[in-house]
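Please build the complete structure, drawing on both the sequences and the hints.
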Amino acid sequence: MIEFDHVTRTYGPKTAVSDLTLAIPRGELFALLGPNGAGKTTTIRMLVGLLHPSRGAVRVCGHDLVKDPRAAHLHMGYVPDEPCLYDKLTGREFLWFIADMFGMPRRLATSRIDREIEHFELGEFADDLAESYSLGMKQRLVFAASLLHDPDVLVLDEPMVGLDPRSVRIVKDLLSARTREGMTVFMSTHTLAMAEEMADRVGIMVRGQLRFLGTIAELREQMSLESTTLEHLYLEVTSSRSRES
Amino acid sequence: MTTRSVTPDAVRLLSFEDESRLFMRLRATLAWETVRSMLTDARLRLTLVVVLSGLFWAALYGLFLEGFSFLDALHAEVISLLFNAFFSSLMVMLVFSTGILVYSGMYCSTEARLLLTLPVRAETIHAHKFREAMWFSSWGFVLLGSPMLTAYGVVRHAEWPYFVLLLPFMISFVIIPASVGSICCMALVAWMTRLRMHALTIGVTIAAVAAIWLGWTMFSQTNVDAMSAAWFERTFARLAVTEQKLFPSWWLSSGLIEAARTDRGGGIAGQALFESLTFLALLVANALALQLLAGWLARVAYRKGFSQLSGEMPSRRQRRLRWFDQALGHAGFATGRPLRLLLVKDLRLFRRDISQWSQFVIFFGLLGLYFVNLRAFNYNNSYASMIGYLNLAVVGLILSTFTTRFVYPMISLEGRRFWILGLLPVHRDQIVWSKFLFSFVGGLLPCCLLVLLSDSMLGLPWRLIAQHEVCCLMLCMGLSGIAVGLGARMPDLRESSPSKISSGFGGTLSLVISSLFIMSVVVVAAVPTHLFLISNTMGSGVVAPNGILAWAGGPWGATAGVILVVILGLTATFVPLVLGLRAFRRLEV
Numbered sequence: 002m003i004e005f006d007h008v009t010r011t012y013g014p015k016t017a018v019s020d021l022t023l024a025i026p027r028g029e030l031f032a033l034l035g036p037n038g039a040g041k042t043t044t045i046r047m048l049v050g051l052l053h054p055s056r057g058a059v060r061v062c063g064h065d066l067v068k069d070p071r072a073a074h075l076h077m078g079y080v081p082d083e084p085c086l087y088d089k090l091t092g093r094e095f096l097w098f099i100a101d102m103f104g105m106p107r108r109l110a111t112s113r114i115d116r117e118i119e120h121f122e123l124g125e126f127a128d129d130l131a132e133s134y135s136l137g138m139k140q141r142l143v144f145a146a147s148l149l150h151d152p153d154v155l156v157l158d159e160p161m162v163g164l165d166p167r168s169v170r171i172v173k174d175l176l177s178a179r180t181r182e183g184m185t186v187f188m189s190t191h192t193l194a195m196a197e198e199m200a201d202r203v204g205i206m207v208r209g210q211l212r213f214l215g216t217i218a219e220l221r222e223q224m225s226l227e228s229t230t231l232e233h234l235y236l237e238v239t240s241s242r243s244r245e246s
Numbered sequence: 221m222t223t224r225s226v227t228p229d230a231v232r233l234l235s236f237e238d239e240s241r242l243f244m245r246l247r248a249t250l251a252w253e254t255v256r257s258m259l260t261d262a263r264l265r266l267t268l269v270v271v272l273s274g275l276f277w278a279a280l281y282g283l284f285l286e287g288f289s290f291l292d293a294l295h296a297e298v299i300s301l302l303f304n305a306f307f308s309s310l311m312v313m314l315v316f317s318t319g320i321l322v323y324s325g326m327y328c329s330t331e332a333r334l335l336l337t338l339p340v341r342a343e344t345i346h347a348h349k350f351r352e353a354m355w356f357s358s359w360g361f362v363l364l365g366s367p368m369l370t371a372y373g374v375v376r377h378a379e380w381p382y383f384v385l386l387l388p389f390m391i392s393f394v395i396i397p398a399s400v401g402s403i404c405c406m407a408l409v410a411w412m413t414r415l416r417m418h419a420l421t422i423g424v425t426i427a428a429v430a431a432i433w434l435g436w437t438m439f440s441q442t443n444v445d446a447m448s449a450a451w452f453e454r455t456f457a458r459l460a461v462t463e464q465k466l467f468p469s470w471w472l473s474s475g476l477i478e479a480a481r482t483d484r485g486g487g488i489a490g491q492a493l494f495e496s497l498t499f500l501a502l503l504v505a506n507a508l509a510l511q512l513l514a515g516w517l518a519r520v521a522y523r524k525g526f527s528q529l530s531g532e533m534p535s536r537r538q539r540r541l542r543w544f545d546q547a548l549g550h551a552g553f554a555t556g557r558p559l560r561l562l563l564v565k566d567l568r569l570f571r572r573d574i575s576q577w578s579q580f581v582i583f584f585g586l587l588g589l590y591f592v593n594l595r596a597f598n599y600n601n602s603y604a605s606m607i608g609y610l611n612l613a614v615v616g617l618i619l620s621t622f623t624t625r626f627v628y629p630m631i632s633l634e635g636r637r638f639w640i641l642g643l644l645p646v647h648r649d650q651i652v653w654s655k656f657l658f659s660f661v662g663g664l665l666p667c668c669l670l671v672l673l674s675d676s677m678l679g680l681p682w683r684l685i686a687q688h689e690v691c692c693l694m695l696c697m698g699l700s701g702i703a704v705g706l707g708a709r710m711p712d713l714r715e716s717s718p719s720k721i722s723s724g725f726g727g728t729l730s731l732v733i734s735s736l737f738i739m740s741v742v743v744v745a746a747v748p749t750h751l752f753l754i755s756n757t758m759g760s761g762v763v764a765p766n767g768i769l770a771w772a773g774g775p776w777g778a779t780a781g782v783i784l785v786v787i788l789g790l791t792a793t794f795v796p797l798v799l800g801l802r803a804f805r806r807l808e809v
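Which chain is which? The protein sequence lines are A and B, in order. Counting from 2, one number per residue, gives the positions in the first sequence under my numbering. Counting from 221, one number per residue, gives the positions in the second sequence under my numbering.
I should point out that these hints are in silico values taken from the structure, not numbers from a laboratory. A few of these clues could be false.
As a list, the in silico SDA-like pairs of lysine to any residue whose alpha-carbon atoms are at most 25 Å apart [said to hold, decoys possible]:
| id | chain 1 | residue 1 | chain 2 | residue 2 |
| --- | --- | --- | --- | --- |
| 1 | B | 720 | B | 298 |
| 2 | B | 465 | B | 497 |
| 3 | A | 139 | A | 170 |
| 4 | B | 465 | B | 298 |
| 5 | B | 720 | A | 170 |
| 6 | A | 68 | B | 520 |
| 7 | B | 465 | B | 255 |
| 8 | A | 89 | B | 324 |
| 9 | A | 139 | B | 334 |
| 10 | A | 139 | B | 719 |
| 11 | B | 720 | B | 386 |
| 12 | A | 173 | A | 82 |
| 13 | A | 139 | B | 465 |
| 14 | A | 89 | B | 256 |
| 15 | A | 89 | B | 327 |
| 16 | B | 720 | B | 352 |
| 17 | A | 139 | B | 269 |
| 18 | A | 89 | B | 386 |
| 19 | A | 89 | B | 715 |
| 20 | A | 89 | B | 497 |
| 21 | B | 720 | A | 126 |
| 22 | B | 524 | A | 60 |
| 23 | B | 524 | A | 55 |
| 24 | A | 89 | B | 728 |
| 25 | A | 139 | B | 713 |
| 26 | B | 720 | A | 82 |
| 27 | B | 524 | A | 69 |
| 28 | A | 89 | B | 724 |
| 29 | B | 524 | A | 135 |
| 30 | B | 720 | A | 135 |
| 31 | B | 465 | B | 520 |
| 32 | B | 720 | B | 374 |
If you're wondering where the values come from, they're calculated on a predicted model, not measured in any experiment.
See the structure below:
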């Protein structure tokens with residue numbers, strides 16, 4: 002579903018992502034981890050088509066994000082780290098705008114909008130202007146919008162920022178259910194506990210390179226640490242890179 | 221487990237027409253919600269905007285009606301030159317303003333980041349942001365151009381087709397320079413990403429040099445009296461440079477002049493109307509062709525340009541004025557250090573915010589250019605004095621827009637960072653005083669210099685110059701006091717956008733009070749001087765043989781005027797400041 006094919010991205014003389022090759026199959030929840038400046042945001046931005054790779058290609062459901070971005074976007078939902086809404090639209094109007102953008106038939110759009118409003122408990126404020134929303138409310142609305150069209154691929158950039166514990170639980174349950182149904186999730190996060198709890202595989206990026214790719218069990222095996230937390234393993238991987246440099 | 225289909229039936233890619241309709245609906249909803257929230261939350265602002273715009277339109281209409289009547293009687297052939305000069309300058313301004321607005325809308329906004337991750341065509345996003353940019357850059361043309369062109373039609377006794385064709389002419393004309401600006405912007409970002417600022421600087425410099433050259437050649441070495449027939453002849457001969465047949469400005473002015481023509485009996489002139497429609501067709505065809513070109517360019521270059529711009533390394537920190545910041549921070553006694561450090565912080569933020577200082581430079585620069593050209597006119601004494609006071613009012617009004625737009629929101633924005641300032645050993649009063657000093661000192665020097673320049677060019681006596689400088693000092697103090705005081709009295713701690721803070725109720729109130737204060741100062745200072753000059757030139761008994769007017773026009777009248785100005789200035793400074801300080805001390809964040 003998601004393919005990074007020898008992807009490199011440079012910012013002037015600096016290489017943000019170096020020769021990234023990664024394939025994520027259908028129904029997998031993949032968590033991309035790494036310290037600040039590791040290249041996670043650049044990777045996410047290339048995946049959603051905001052940045053073009055300097056070399057290589059990124060594909061979603063077989064569609065190249067540079068050559069055919071619209072076809073790729075049709076299969077995707079995206080929750081950015083900073084929610085972007087129209088201040089002068091109500092939550093419901095924003096959901097309708099997104100549904101129309103994906104060309105959803107009227108009746109289906111109505112039922113999906115009602116479904117997501119119920120899932121994310123938006124009913125109380127769905128008809129208020131977005132300018133009156135708190136960060137958590139905005140984030141819930143963006144989640145609802147990204148899932149309206151039942152995307153094949155959901156891209157999440159720091160998804161839990163601003164969400165209260167109940168909303169976090171709702172999101173986790175939804176992600177588990179949707180991945181069981183076949184949706185692929187690509188998530189960048191600093192919340193290691195969430196990655197440990199939910200991810201099928203994790204990737205750890207350090208200075209633009211994928212230092213580790215696999216399950217947490219494989220990571221434990223590789224680090225020769227039998228019973229320890231992901232936080233411990235993560236710190237081991239990222240600090241070993243520091244020692245090398 | 222994997223039951224989902226890769227190509228879901230529930231979604232589809234929209235056609236171009238569907239996308240356009242969707243965005244049209246979006247714009248209509250956003251516009252309606254904006255108007256609705258203004259009607260409920262910002263009635264004062266909306267009323268002021270409508271009333272002032274109406275007054276401005278009516279005043280301009282009256283002015284143009286007089287002007288065209290005068291020109292029609294004496295110099296009818298110069299209308300075409302005048303239109304060409306006006307429309308060609310406007311064309312250049314529209315290219316730059318739309319280009320800059322398209323840049324911020326398409327490459328720097330969060331909305332663009334959202335839209336680029338949705339299955340929508342790049343050309344649709346461009347069309348959406350282009351319309352927004354064109355509206356923002358051309359409303360001034362509508363406000364200025366509509367009274368001018370209506371007045372022209374009335375003076376020429378034009379028939380109804382002229383008035384019907386006005387709007388299509390204006391819209392099709394505006395699209396041309398706006399499209400050129402948008403095309404240049406997209407091309408610069410996509411293919412000259414790193415050199416875009418250099419290219420823009422070169423373009424602006426060329427336009428500025430051309431404007432200065434045009435102004436200089438028009439008004440320099442003119443030793444004849446202003447508004448005389450000889451002056452008109454020389455001035456319009458120099459304006460002929462703007463009359464280029466390949467410019468859309470020529471098509472527009474020719475089309476409008478033809479549309480206003482009537483036959484001998486005062487009816488519609490068929491041949492002239494046909495000519496006019498030909499010019500309109502030329503404008504429409506070019507506007508459509510440029511829109512097609514812009515759409516094609518958006519398709520091939522927008523996503524690429526956005527990516528390249530996002531991939532730019534941040535610019536290196538400017539350290540050239542660090543010595544000045546350090547000197548200011550460490551000068552004086554230790555007790556005043558926190559206040560000076562707050563000043564240094566505000567100064568750094570101002571220097572690094574291009575939107576603030578660039579507007580400051582552009583407005584005061586244009587005003588300076590106008591003042592320099594005042595020398596070209598020969599005025600008699602009372603006329604020069606009146607222009608001097610009007611110039612003082614203009615300097616004050618421009619300063620008031622800056623204090624309202626940039627100084628008024630400063631306290632609100634500081635309130636959001638209270639978790640930083642609240643933990644520092646800084647008294648709240650010092651925060652308010654630092655904003656006042658920043659605004660007062662920052663505005664004083666350019667304003668006093670501009671007033672000095674204006675008065676010197678007008679050849680005013682030193683006593684009048686000194687009086688104007690005192691007025692200017694009081695204006696700077698008062699306007700800073702009003703903006704900072706009201707900003708502290710009515711802070712908006714939830715809002716992070718300074719433009720939204722300044723456009724709220726408090727910002728509007730600050731602008732209204734500032735305008736009233738400026739008018740009061742100028743009237744109080746100008747009336748005694750004007751009466752004194754009239755008495756001097758026409759005899760002391762002309763104004764009034766005795767009573768208050770005679771006293772006001774006498775030698776003590778001007779002194780009393782200055783004293784009143786000082787009282788007004790101190791009141792406008794300290795009353796809002798004291799109110800603001802009290803409120804800010806009690807503020808709970």
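* In ascending order, which of the hints set out earlier in this document are inconsistent with the structure? -> The structure breaks hints 1, 5, 7, 11, 13, 17, 18, 20, 29, 31, 32; every other hint is satisfied.
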